[in-house]
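**Q** Listed here are the chains, written in short residue letters.
Protein chains: 2
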Amino acid sequence: MERFRVTFYPDNKTVEVEKDRTILSAALSAGVYIASHCGGDGVCGRCKVILKKGRVSAQSQGMLSEKERAEGVCLACLTAVEDNLEIEVPASSRLNLEAPGAEYSLPEDVETLQATAQDLFVHSPLATKIFLNIPEPKLEEKLSDTERLLQQVPFIEPPGHLHMGLSVLRGLSELLRASDWKVTVTLAKKHEGVAELINVEPGDTSQRNFGICFDIGTTTLSGQMVDLNSKKVLGTKATYNKQAAFGSDIITRIMYARNKNGLEELHRAVVDDMNEIIREFVRDQAIDLNDVTCVVCSGNTTMMHLLLRVDPTYIRKEPYTPVFNSVGMLRAAEAGILINPRGLLACVPGVASYVGGDITAGVLSSGQYEEEGLTVFIDIGTNGEIVLGNREFLVCAAASAGPAFEGSGVSCGMRAARGAIQKVVINSKDLSCWLGVIGNGRPSGICGSGYIDAIAEMLCAGVIDKNGKIREIDNPRIRQGELGKEFVLAFASQSAEGKDIVITEPDIENLKRAKAAIYSAISVLVRHLDLDFSRIDKVFIAGGFGTYLNTENAVRIGLLPDISREKFSFIGNSSLSGSRQVLLSWEAMRRADQIARKMNYVELSVEPGYMDEYMAALFFPHTDLGLFPTVRQQKI
Amino acid sequence: MERFRVTFYPDNKTVEVEKDRTILSAALSAGVYIASHCGGDGVCGRCKVILKKGRVSAQSQGMLSEKERAEGVCLACLTAVEDNLEIEVPASSRLNLEAPGAEYSLPEDVETLQATAQDLFVHSPLATKIFLNIPEPKLEEKLSDTERLLQQVPFIEPPGHLHMGLSVLRGLSELLRASDWKVTVTLAKKHEGVAELINVEPGDTSQRNFGICFDIGTTTLSGQMVDLNSKKVLGTKATYNKQAAFGSDIITRIMYARNKNGLEELHRAVVDDMNEIIREFVRDQAIDLNDVTCVVCSGNTTMMHLLLRVDPTYIRKEPYTPVFNSVGMLRAAEAGILINPRGLLACVPGVASYVGGDITAGVLSSGQYEEEGLTVFIDIGTNGEIVLGNREFLVCAAASAGPAFEGSGVSCGMRAARGAIQKVVINSKDLSCWLGVIGNGRPSGICGSGYIDAIAEMLCAGVIDKNGKIREIDNPRIRQGELGKEFVLAFASQSAEGKDIVITEPDIENLKRAKAAIYSAISVLVRHLDLDFSRIDKVFIAGGFGTYLNTENAVRIGLLPDISREKFSFIGNSSLSGSRQVLLSWEAMRRADQIARKMNYVELSVEPGYMDEYMAALFFPHTDLGLFPTVRQQKI
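Order-wise, the sequence lines are chains A and B.
With the first sequence counted from 1, adding 470 to any position gets you our numbering.
With the second sequence counted from 1, adding 470 to any position gets you our numbering.
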């Protein structure tokens, strides 16, 4: 097949691709990340690039003006490579990607909460290393090398349920003798009572056993490296999910997967992200990749399909059926994840097409499944998922919130990483702003918790009305921007990149729709069970906002219901902490499985009154102020 | 690496090999089978070939005369390729290989015996196909395709113990919809209570499920194709084990495996044999290879190591330790066996280095492990293995008999296939011979049971003395041959290939050593338990003699002890029938595992008096005629 070279500027990165590949796909291969919210349908107009040299074939590009076409602008998703090309990618078309693996650390209180939940389960990592000092063979015995070795492995009952692959068997006899019968075996749990002996190494390496847990979000991917012996978290890293280049939400990705190689591209994108994080971990910690024996992932159902390269088509077609909610234990290599070649991959089981393993992990790590009183678990990500219940029952639902609270799809949004504004206080007299920045340096952008604070403060200061429109006030912070009115949170002189950090009216609209989707989902679910908010004893709030959530402000903008504030607890990324529990305990894995099976799913789209609830919630805090009595008292 | 072309005549087969490969190895690659009893040590002198053209490098070839060297004769195992070569392979150096898969059928009585034993176990094939008519998904449900499918699978308990690999998962959603939710699944048993869903096919293919069981002997390889639904045996095929090109017994093969690529060559040889048999079965029966879902093998421990390409080195080094006696369920593809790509491979568990899964299978299929009285199980192959015991205990031992009873290593020997002389009666007056030939055609050679008859008859007719020497008698059947005196069983005019079929003095010596090894092993084992022959209630005799064994003659030559003849039963190839039982029943597999664990192994080489017993048995029937009272009465 004919192949062409495509060079992207100003990155000056070149890639060779076959004829007819889209420029969008070529850019990803070159490591140039172009925004594409619609997943290549040519409807969002985000992926504009400028053709500097060469010949292309373009499908209908109705999104482009005459002028743009004259200037060589084309949509990367609809334009195919027919020649050696030179392409300019304007800043406005770039995906807001940080260097993968930029770290953030959880504050101590969240770490402590998670450590406590961890201890609910017996320490029994999915992959265990055991040092064996094996007696040498004797003539009177008939034992094989394998039997001799297995006899020394504790806790294996009944016999025959410890399996060993041929590749291990093949090197065994020489290895045992060369290491003077002192070896370390790695056991991987496969089923209840069944383990596989995945590795035998000479000498005692039992202290070098590491695992990585991942939360694979639609927008953000987070990973933690864990010492499987000491249970200690050695590091946490996060990155944007590179799949965002193919669409910002689940639906556009599922549609993109229908393209030729689309599924493969989406699969590669997330696996590459994971492998980069893994590589950085092992480099930072000076760990041999072979000593990484297990990876546990939690994520929404579509993310899990794409991770395993399983067709997600029917997730978005009625009756919304995933291929799997639960897969057994896999080998990481089967999914292209680069750890020990025989290392494990476990995925936390999900519930339904729109309630995935990330929610199961959240219910697990929050302890909701053991609560006596009525509790609500809310996970705010690109989708918002709600679980209502206790030790007796669990009911769940999902609302499509969009990625605004993850700092994506908003003009100055960013992940909750170093430099993100996570706390905002606005002086209502002069509208001056106090900003709390992660890492305490200059701000680079705004993360989810920062947006919640900012909107609540703008409401209090009268900067915006209940509809989210910016008022006409004579103040240098309020001005007309390219996309309409905007409020300047930080001026260029204060910011890390020397650019104004602003909140625009479209940003506020975006966040309003996101909070309305989540609030109305909670509301409909509570009503579905013939309950009301007063019956709720606890609310666990999870999500990638950052390390902090001002619940008062979250109520004030109408994201959370107006109930007693001490009932709220913010538990951070509970998907990640749940997957870490599974990594460290087979019992947690079994419990996650039980939780997923137990949870009943309510499909909001067919639930009566959901759209009305949503529409009513499209105000700050709500059209019905009677639902927010404490906010009404504050007279904002 | 430099490569050269080697052409073998008169076959006119050419192969390209890298520099420094031995001619023996090149010949195997070309499909030319050269005899090599010593396994390439250059000591047996069987692999003589003639260099017609080209340059070779030869190691010391002390086995060759001056004249031979002058004529270009070299030993294929010690001569390396240094040039493009032309090689003549004389008939005397060829391995006595029939076309693979030449069939023989078991006579009805043996079939009946085996069918009875079969019914001891519940029908539960290791791989099962089940047709599923799956209800279509509904909006009210949250079930994934996988769960929906697994819900329809009967007998899967507890949930989560039915595993599905990614390759099955990846095609599932389209397959289910394209086949209107009517599919056939193949379940493969992996552990107690654990199965893998290895295949999903559209429509109802549940009636097309086939398995193949193999007995992998050092000399002979036998296979049976079985309909896993009806339990019907669809065909039986056998071939010589092509590994014989690398040495006729286990020890020489283990030594050959130490060579560079030696293990790989031995592995390939047996796997090629199996794949040829499988190909012929599916061609004969017009079966799709994908409908062959399971292979079960039994064989001695070395054969199992070579099959799985596991280093057998320590089997022959004191304290004689195999790498494994039992492996779990494998995927056939892992060993290079070509059936359904996700099809199963099970190996019947063995006991020790010299008592393998073939013996476990024999004890299983004979029912010895359920007998109340004292029984002996004797398997006569290239090794002779003895098991003494009953439902209470099992004790076993192995004796190195050599392949004579399998028709190998004797001048006119052949496998018990069509054309083999299996019964012999000699008229003591004129020495005329009545021959019973398998298939009732003209004879091609002599199989094990034929040799037993022939020697017993020669003893009775006075043709040989008790030492096995041919007497000076004036009869056209007795003459001086190239290798010493010989007796003509069939003249060229009567034989299938137009060549005399003879028994030579070296043949008789060979058979005498074989029978002495087996008899003395039984004798020592009985004494080991402080018993004597009178206490034995039953003797099961297994082996590849053919379809028939004249037990009277077997006692007469001193192969079997002189006890009441009705205690003997000949059960044919019990390794094959045992592996068929396992193929058809997980319960049989579990029982085989119990038998292997229960059996105690006695190492004859360290057993006091074994060599004395062996030496005493090097007469027909024995130096101590008191041990053979009924033979003594016959005054031969």
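Keep in mind that the hints were calculated from the coordinates and are not lab data.
Each hint should be verified, as a subset may be incorrect.
[Unchecked claim] Restricting the straight-line Cα-Cα distance to at most 27 Å, the calculated cross-link-like pairs of lysine-lysine (DSS-like) are:
#, chain 1, residue 1, chain 2, residue 2
1, B, Lys652, B, Lys608
2, B, Lys787, A, Lys652
3, A, Lys1068, B, Lys608
4, B, Lys955, B, Lys936
Since the structure is predicted, the reported quantities are computational estimates derived from the model, not experimental observations.
**Q** Each hint needs a verdict: does it hold in this structure or not?
**A** Verification of the hints:
1. Under the criterion of a C-alpha separation no larger than 27 Å, the hint pairing Lys652/B with Lys608/B is consistent with the structure, at around 16 Å.
2. For the given pair, Lys787/B sits about 20 Å from Lys652/A by alpha-carbon distance, which is consistent with the 27 Å threshold.
3. A distance of roughly 19 Å separates the Cα atoms of Lys1068/A and Lys608/B; the hinted pair therefore holds under the 27 Å criterion.
4. With a C-alpha separation of about 16 Å, the suggested pairing of Lys955/B with Lys936/B holds against the 27 Å cut-off.
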